[in-house]
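Both chains come to you apart, so use the hints to assemble them.
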Amino acid sequence: MTQLTLPHRPLRIAAATTLALAIATLIALVLWAIFAAATSAEGSASRIDIAHLLRMTSIQAGLTTILSLAVGMALAWALNRLRFPGRDLLVGLFASAIVTPGMVVAFGLLSIWGRNGWLNQASEALFGFPLGNPAFGLSGILFAHVILDGAFAARIMLARLDAIPANRLKTGQSLALNAWQRFSIIDWPALRGTLPGLAAIIFLLAFTSFPIVLLLGGGPANQTLEVAIFAAVRQDFDLAGAVRLALTQIAVCSLIILAASALTPVPTSFGASTVSRWRDSTITRGLQWLTLGLCTVGFILPLLSVLIDGLSTGIAPLLARSAFWWAALSSLVIGTASALLTLALALLLALGRGATGSGALRILLGIPAFAYLAVPAVVLSLGFFLLVRSLGASPATAAPYVVILGNSLLALPFAMATLGPPLEAIARTRGKLIRSLGLSGWRQFIAIEYPLLGKDIGVMLALAFCFSLGDLGVIALFGTQDFQTLPLMMFRALGAYRGNDAAAIAAILLLGTIVAFIGLPRLFERIANAAR
Amino acid sequence: MVKFTRLALAVLSGLIATPALAQEAPTLKVYTYDGFAAEWGPGPSLKAGFEAICGGCKVEFIAADSSIGTLRRVQLEGDTTEADLIVGLDTAIAGEARATGLFAEHNFYFDNLTLPTGWTDKAFVPFDYAHFAFVYDTDAVANPPKSFEELIAMPDDFKIVVQDPRSATPGLGLVLWIAAAYGDRAPEIWAGLKPHILTVTREWSESYNLFLEGEADMALSYTTSPAYHIVEEDDTTIKAALFEEGHLAQTEVAGVLKSSKHQELAFQFLDYLTSADAQKVIPTTNWMFPVIDLGADLNPAFAALPQPAKTLTLTDAEIEANSQAWIDEMLAAVQ
Chain A
1 MTQLTLPHRP
11 LRIAAATTLA
21 LAIATLIALV
31 LWAIFAAATS
41 AEGSASRIDI
51 AHLLRMTSIQ
61 AGLTTILSLA
71 VGMALAWALN
81 RLRFPGRDLL
91 VGLFASAIVT
101 PGMVVAFGLL
111 SIWGRNGWLN
121 QASEALFGFP
131 LGNPAFGLSG
141 ILFAHVILDG
151 AFAARIMLAR
161 LDAIPANRLK
171 TGQSLALNAW
181 QRFSIIDWPA
191 LRGTLPGLAA
201 IIFLLAFTSF
211 PIVLLLGGGP
221 ANQTLEVAIF
231 AAVRQDFDLA
241 GAVRLALTQI
251 AVCSLIILAA
261 SALTPVPTSF
271 GASTVSRWRD
281 STITRGLQWL
291 TLGLCTVGFI
301 LPLLSVLIDG
311 LSTGIAPLLA
321 RSAFWWAALS
331 SLVIGTASAL
341 LTLALALLLA
351 LGRGATGSGA
361 LRILLGIPAF
371 AYLAVPAVVL
381 SLGFFLLVRS
391 LGASPATAAP
401 YVVILGNSLL
411 ALPFAMATLG
421 PPLEAIARTR
431 GKLIRSLGLS
441 GWRQFIAIEY
451 PLLGKDIGVM
461 LALAFCFSLG
471 DLGVIALFGT
481 QDFQTLPLMM
491 FRALGAYRGN
501 DAAAIAAILL
511 LGTIVAFIGL
521 PRLFERIANA
531 AR
Chain B
1 MVKFTRLALA
11 VLSGLIATPA
21 LAQEAPTLKV
31 YTYDGFAAEW
41 GPGPSLKAGF
51 EAICGGCKVE
61 FIAADSSIGT
71 LRRVQLEGDT
81 TEADLIVGLD
91 TAIAGEARAT
101 GLFAEHNFYF
111 DNLTLPTGWT
121 DKAFVPFDYA
131 HFAFVYDTDA
141 VANPPKSFEE
151 LIAMPDDFKI
161 VVQDPRSATP
171 GLGLVLWIAA
181 AYGDRAPEIW
191 AGLKPHILTV
201 TREWSESYNL
211 FLEGEADMAL
221 SYTTSPAYHI
231 VEEDDTTIKA
241 ALFEEGHLAQ
251 TEVAGVLKSS
261 KHQELAFQFL
271 DYLTSADAQK
281 VIPTTNWMFP
291 VIDLGADLNP
301 AFAALPQPAK
311 TLTLTDAEIE
321 ANSQAWIDEM
331 LAAVQ
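Sequence order for the protein chains is A and B. The opening residue of the first sequence carries number 1 in our numbering; numbering runs sequentially from there. The opening residue of the second sequence carries number 1 in our numbering; numbering runs sequentially from there.
Bound-form chain B, shown alone (with noise of 0.2 Å):
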């Protein structure tokens, strides 16, 4: 009978304890897209680094295929998402995101921010950025395209791969810097494009692939993409080729849930990813440029790299207005 009682009030003190457990140390569960949450990727440094600051809670990363896929994911789970806050939209779908109405505003001011143009976005926090660009080996070519026109002009046989803006963050970014750059001319840069595109893969990685096999002389990637291989691999022969007409940046966004049981950790968790110590974490994992200026702790192949005269902007509403339209123009085009 003793020992009955003692394992009863054995059992009884445990679950009196396990919700209490759970309520001082909660889990912030964030969705990103795969390569965000790589061990090789930001991940890993920016979850050992919360959790140290943010007296005993855990962060949890749910990985999508891409970061569209989160966004989507969220969207079909509506207000009973168990997602706290997503990290890895960029800004041609953050307009869409925002529309979805699920995402709480911040107070946040950001007089700091060394990104190329301002920022005003109460829903989301930016935390790294590239310019779209197309890269090249200049082992293979000599003299780069130093416009779209300059690379209509290219012999055939100067083939590019791009991606499918249906699917991939840089297709679509595409579409959007030819929309930029040329308005109404955009259908007609495309047509020129068409004889030099090999191919329209999926996803980023396939078309990267494709360039470093050697069978596209440029690839759709980003200004930073050069770093990577100058860090990792210590080859400086991998260059982002420049356009005159502008490139346009994309940047990367997290914004935190309205249905988020732990919103004040979820802000806590956008405060930290804006802080020096996470931004040191970003460029050598996420391969971007950090938000802020970090002084000597950015690595000098990011300093060094090549940044464009000019950057290309186009408005939320202008993107959520004509991004279909533009990408039916394109496909159109290319056909």
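One chain only, chain A, in its complex shape (with noise of 0.2 Å):
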């Protein structure tokens, strides 16, 4: 049916299939590469228990997924419904919070709920008697990555509902619906279309975890394959076994991906983010108060613990350091490249997906989108490393390529996330306007798609770059002594005893995230307007 109201677009199809096509090629070559240079075919693998972990880790990831929605949900409409100064600035720190190292949140996260974080402190001086530690364990786990991914949900679900046009708000004012039937006349069904992408890419987040559960889970018992492959690869130099338990992970993985790409998205209406009001009665009004309250503590509070450890102590020293400042170029001229190379490739692939009706097609061109989360930072790493080596390239003339592209594919699966939706529902609601008034594809982007996407298009260039400015899985095998980005410099300095450089280092990361969250949505959305 759709096939009748969608532009004929063989270009944006062929492109983005081509696209598909190549990452899908690109990482049957990583893992190519590993297996052929597995020297020993037999390995000591299989001493893992893989049930168990399979059992444990689709616990963890699930409880993190429902968890992480839930709370996204709620603080995504408290935001939207208040008005209030520093609310830009709040809705920065919120978004943050995904693109900040896993190491970072969870140091943060300790500063507050640890055995001698302030609550403890706060209570024993208050009460005499400390909280205790709910910081560790699986408690530990889903509190850090629901930190970590409902805040990142929520952002993804704000901007949906930001975008829902004043005139439908006004009509809901007018028939005094309240804040339920509000909720799920007018929000749900702009909301539901990024669910089940939401849904998959914080399950495969939590599923392929592997900092924040080593150092919040207490210990073996709470694991991930994602060690299991960290262990085969480096203590057993078993590559095989590696690739074995890698291939278990991504078809795992994979059903996943694939109930996520089945689904389509809801189509949804646009129009410019809104700043319309919406009167709610007073314990509605309370009732987001508190939330936003509750999110705040549970969320800014470590990470303003972050800025403030880092501000305090160690930075005039770190300014005062060449080395900081080429590393802090470092990063943001990466960080830059990727963003624009990811804005290329999810651009290509959503403007394909949206313009075909094939339910199959569809599946295949979001693959390749989550692909890349389900391949664990070390296999590729390294088969990224073995493929730079067959090419004859030295891998540290091939780093920063490699760096760029190997953070590109990662912030794909958000890139899409957050641009896949609306330009599908403007493929569905202004098709049959397209076709009729005879656009060319290029015609139909600039004229329709692009300035509908402007502020879309900035909070994915946020997202991208910020993943860019603190990855440290990809720069792992390629760094040098004298090519490291910031992320690098503060392990560097963490496994030196500079706990203070690497806080302070922590703190600018941090700081530049929440610049980069809230100065790029905002440009793009003037620039796009402007180009109207």
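Just so you know, these hints were derived from the structure itself, not from any lab. Careful: at least some of the hints might be erroneous.
Label pairs and their in silico Cβ distance ranges [stated by the list, open to error]: (1) A:Ser-281 / B:Ala-191: 56 to 62 Å; (2) A:Thr-25 / B:Thr-80: 23 to 29 Å; (3) A:Leu-63 / B:Glu-149: 34 to 40 Å; (4) B:Gln-324 / A:Pro-130: 38 to 44 Å; (5) A:Ala-36 / B:Ala-317: 28 to 34 Å; (6) B:Gln-324 / A:Gly-86: 35 to 41 Å; (7) A:Pro-10 / B:Asp-79: 49 to 55 Å; (8) A:Leu-131 / B:Thr-80: 53 to 59 Å.
Since the structure is predicted, the reported quantities are computational estimates derived from the model, not experimental observations. Ideal placement from N, C-alpha and C gives every residue a C-beta, glycine not left out.
Here is the structure:
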């Protein structure tokens, strides 16, 4: 049925298909390169209880997904309704959680909720006894994951809610919808489209989580397949075993990806982001403030403590060092390049997906966007390393390009989740108009899609930029003495007792992230509106 | 035409001059771990020190994320590796490294080493060492345990942080330490430790920071860790708990690759690494003991560090034959 309403865009579909196949080929090449390098086919693998790992990981990832979506939705709802000074700053802070290196969030979390954290200290001072330590074990993992992923979910959902046209709200208000009716009639249809993609991303992130699970998990009982793969590569040097484990992980993750890709996002209407007010009852308003307050305590305090720790101690000596500025410059250049590359890749894929009515092709075009999340970072890094060498290049020369490409692919699922639903909604709701006007694909993009996407493009660029800014996975095998990014510098400092330097770098990374999240969406909304 | 000839000559002479220059100034490529190459690590001083005496050579550090990472990288690259030498493997993985057949033998005789154990290895040269130990803060822990058994007997809210033996060399060191001290009783010790283990981290740095943040009472680290706090922060409250059963030492080593095109120079670097000039750099940058007697040149904070009465040892053969099983025992016990 949609075939008739969609404009005919063979070029878009062809480009997206080519790109999807190229990404799939790249991942196949990565795995093949490791297999080829596996000198001993018979390793000491399968010492790992895979069934146990899968069970534990699935429970953890499932709980993370449900909690993150629920918390994210409540937070987006509160943020969408409430207007107050500093709202943009708060939104920026929430959004920055997803791209902050997991370790930074984990240590921030501990400084609030840990044994020696603010809450326990306050409780001891006030009541004379500590609250205990909920920050370790399964509860610790879930807490950290919900902070990282729930805030991301809230940011994406908030963008959808903010995009609800003002006239629809006016109609709703004139019909005297109560808070629940407004949610189910106006908000839910706008949010529904983003849920499958978001759920898939969050599940995959939690399923493949590594440093947080190891740090807060408590021990080998709470581990992920990713850890087993890391051990196979590092400890046993059993490359064939690592590929087998990686394939297991990819197989499980693919089920999630397939399920998410098969679901068609629900059409939503789009307009420029509105600031229209919705008059809620006092009780509802109180509930919104309560939600916001709780989320602020849970999400923002850990980040705030990172800022306070970092900016109060080691900042001055750090800024005086040229190595810091070189690392900052490397991070900036790599972040910008990979954000632009991500934009190009995500647009190609999302425009192609939006242009086709075929369900099978839509799934095909959805998979590569997520595939990168399913492939363990250590496997990717290793595979890239081997590929670069088999091409005869020196890892040091190739390092910046590989890091840019790797970071782009890492950000791609998030970029697709941001740009995909609005683009598909445009194709569906305005397809007939575009057909009747006889617009070319390029005119369609320039005149219709781009102006409507302005803010989303900004959000996506901010996401991709910050992902790259915080990345540690890809650079691990490629870093040299001279080529380092800020996260790498932070971890080198941590490994040399220099906790103050590390804290200062963490704070600067966080500041950069917040600035990017507040600045880029505004900038691009302005540019896109000017283009109209 | 004259111009063209001059240009051609300039280009030609440039082409000829370049390889000649490259031969005059060989670059020694050293694979090492992050912390060693970092600007506050020993790397920069050692580079400057060696370049000053090697007659116009260059030293380039290529840093992997961990010491085992450097070995894995060389294994992946095999004969085609551009590395001339690796600096920063340790004795727990030296046997495995030797078995790869990638390392060349040296002709050094060590009669001046101050290592707690002797040194006969023909493939690797030691450059620093320290004993594994649990560190504690005297402000928080008044009576630290004096053995693993005392640690096990502490109340359950006495927490330690350790590292995953599959990813961190100290984590592996603890597994070997307990195996060396307790043999067949090791699984029992691990089971006793389980309630005290707050968490098992991937890297040493994460454990150590949990400890510094006050999340745990003790962290697995080194007897030399207190020196950092004394020298850099003037803080004498961090101490290493000495255990009666004895401690295992981590000795960091360096080795030259057979495939190196600058073997002569690489061995010169190893020679330099064990010289007093280089050893003076190690303690206050890598926070480990030097392997030779520096006399008055050793920072007094190091000279005053309490040392374990007994050093436990394991042979390479024992480690290679059993480490996998010991790690499995540990994982099974703490799961």
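Right, here's what the structure says about each hint:
no.	hint	result
1	A:Ser-281 / B:Ala-191: 56 to 62 Å	58 Å, holds
2	A:Thr-25 / B:Thr-80: 23 to 29 Å	25 Å, holds
3	A:Leu-63 / B:Glu-149: 34 to 40 Å	38 Å, holds
4	B:Gln-324 / A:Pro-130: 38 to 44 Å	41 Å, holds
5	A:Ala-36 / B:Ala-317: 28 to 34 Å	32 Å, holds
6	B:Gln-324 / A:Gly-86: 35 to 41 Å	56 Å, violated
7	A:Pro-10 / B:Asp-79: 49 to 55 Å	50 Å, holds
8	A:Leu-131 / B:Thr-80: 53 to 59 Å	57 Å, holds
When the structure is compared with the earlier hints, a violation turns up for hint 6 alone.
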